[in-house]
Structure formats: structure tokens, C-alpha cells
Amino acid sequence: MTTMDPKAFILGLSAIGAGIAALAGFGAGIGTGIATGKAVEAVSRQPEAKNDIVSTLIIGSAFSEATAIYGLLVAILLIIVKLV
Amino acid sequence: MGSSEAIFTIRFLGISIPIYYSVIAQWVIMAIIMIIVPVLTKNLKLVPTGRQVIVETVVDKINSLVKGNMGEEYKGFAPFFGTLIIYLLFMNLFGLTGFRPPTADYSVALGLAIISFVIIQVNAIVHSGILGYIKGYAKPFWFMLPLNIIERLVVPVSLSLRLFGNITAAVIMMELLYEGLEFLSHVLHLKIPVFAAFIPIPFHIYFDLFDGTIQMFIFVMLTMIFIKTTSEH
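Chains P and U, in that order, give the protein sequences.
Taken in order, the first sequence gives residues 372 to 455; the numbers are from the working numbering.
Taken in order, the second sequence gives residues 6 to 238; the numbers are from the working numbering.
Honestly, the hints are just simulated from the structure, not real lab data.
Please read these numbers as outputs of a predicted model, since none were measured by experiment.
Built from N, CA and C at the ideal position, the CB exists for glycine as well.
It is possible that part of the hints are untrue.
Said to hold, decoys possible - Within a straight-line C-alpha distance of at most 27 Å, the following computed DSSO-like cross-link-like pairs (lysine-lysine) qualify:
| id | chain 1 | residue 1 | chain 2 | residue 2 |
| --- | --- | --- | --- | --- |
| 1 | U | 233 | P | 409 |
| 2 | P | 409 | P | 421 |
| 3 | U | 144 | P | 421 |
What the hints assert, rightly or not - If you want the footprint, here are the derived chain U segments under chain P, 3+ residues with CB under 8 Å:
| id | region |
| --- | --- |
| 4 | 171 to 177 |
| 5 | 204 to 218 |
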């Protein structure tokens, strides 16, 4: 087995880690999708309550999106902020 | 990320205060707002015409947003939220000028979130008295105490991380796009980078205009909701 530069090894592993961290987008995407679908149903059932529904939807999306942002943050920290 | 070094240092009473890029960008934004506001509010008339119509619409919208989301008794918060909306909007849209938006610096986002946090807690104390405020931590049961403390402390963290993460992601995406287009014109041996002239426009609309406005809205809405729910604990 050829010897490997430990720095390159760490860089490669942190790139893989960043990729895994970005998978947090899965959950956020599913959550936002469900919330938006339900909001569309609610608007079509009760068009006069549209303003309330939209503001609730935006808040809900912000909460479900937060998890994706944490994943993104981990990815950014791994790639841009060099720990070694 | 390029903006982590102090541009200059102010010495004041023996304390040196480093001034970073995001602080200077905020000064520029404050100066722009301070120039725009007197121009827009000069010689107001009873019957609005021209620019006064725009100003009155904005003020009316902010008032009705605060009243609609928090109720009539909270309308004293309207000036604070109006300031927050205008300031955050200018900061998030600062990326359109070609400079880095100040909210892509975590210190700025955390500072804004701490302002929100202090207002939430102070309003809860004013609303229910200091004893009622302390009792609010032990509701509905006393063993919920650590959970309630964590719930309140997490608010500024999640508010600031959401704002910072979204704006930083937009900045990184735009940087990557520009680098990619530059590389493309370099590969095709074009003297002028034609791709970078038109292709980024829709991306700017999405990442800067849309995302910046939505993030401003979410920050303001969440602050409103937390102020209301925490005081009525």
C-alpha cells in the first residue's frame, strides 16, 4: 500500500462528510413539500382564509427549512473553514 | 470568505475596536436610509400625492401586519418592526450592488437575533411581572423547567442561523456561478465574458431578491410570534 499524505486524507474525508451533511436537505424538502401541499388544499377549500394560511405556511416552512440550514452550515464548516 | 480581517482599528480610551467589512457595509446602509427617509417625508400633505402615497402604503402595510399578527394591544411595536423590515431588507438586498451582504456575517445575524431575544424577554417581564415571568418557566409542570429554559435560549440561535445560513448559501451559490461562467468563457477563448453578463440575472432575482425578502419576512414574523407567545405563557 502506498503511503498517503495525511492532509489529503483529511481533506477527502471532510468532503465526504460535507456531502453527507448536505443530505439534511432530504428531510427539509419532504417537510416543506407536505406543508405546501396541505396549504394548497386549505386555500382551495377556504379561499377567504388565504392570508392566514400563507403566513402560517411561511412560518412552518421556515421551521422545516432550519434543519437543512444546519446541515448546510456543517457542510460549509467542513469545506471552507479548514480544520487542519 | 475574505471578510474576516479588520479593515482599520479605532482607539478609544485605550481600548482598540476593530472595524470589519460588515460594520462599514452597515454604516453605508444606515447612511442610505438616513438620506432616503427625509427625502420621502419632506413636506407631507393631508391629501397624499406622488411619493407620499408610497410612504403611506408602506407604513399602513407594516401597521396592519403587526396588528394582524399580534393584535391591537401590540401596535406600539409597529415602529420597531418597521425599522427591522427596512434595515433587514436593505442588508439582504445589498448583494445586488455587487458587495457582500452584511447578513452573510454571523456576527450581524447574531446581533439582530440578540436584539429580538432581549425584546422578547423584556416584553414578557413587563407583561406578566417579574414573578409571573419566573413562574412562566415552570409551566405547565415544574419538571418542564430545563425544557422551557432551552426553548427560550434556542430562539436567538435558530433565528440567527436561519438568516445567516440562507444569505451565506445565496452568496456562495452566486460566487460559484460567476466562477463557473468565467471558466466557461476562458475555455471557449472568449475575450469578453459574455456568459456572465446575462445568465446570472434570474439567479440574482431568485437568490438575492426573493430569498432576501423571504428571509426578512420570516425573521420579522418569527420575532412577532415569539413576542406574543412568550408574553402569554
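To see whether the hints hold, each was checked on the structure:
1. U:233 / P:409: holds (25 Å)
2. P:409 / P:421: holds (12 Å)
3. U:144 / P:421: Violated: residue 144 of chain U and residue 421 of chain P sit about 33 Å apart, past 27 Å.
4. 171 to 177: With 4 residues in contact (Cβ-Cβ under 8 Å with chain P), the coverage given for the region 171 to 177 of chain U holds.
5. 204 to 218: violated (count 0)
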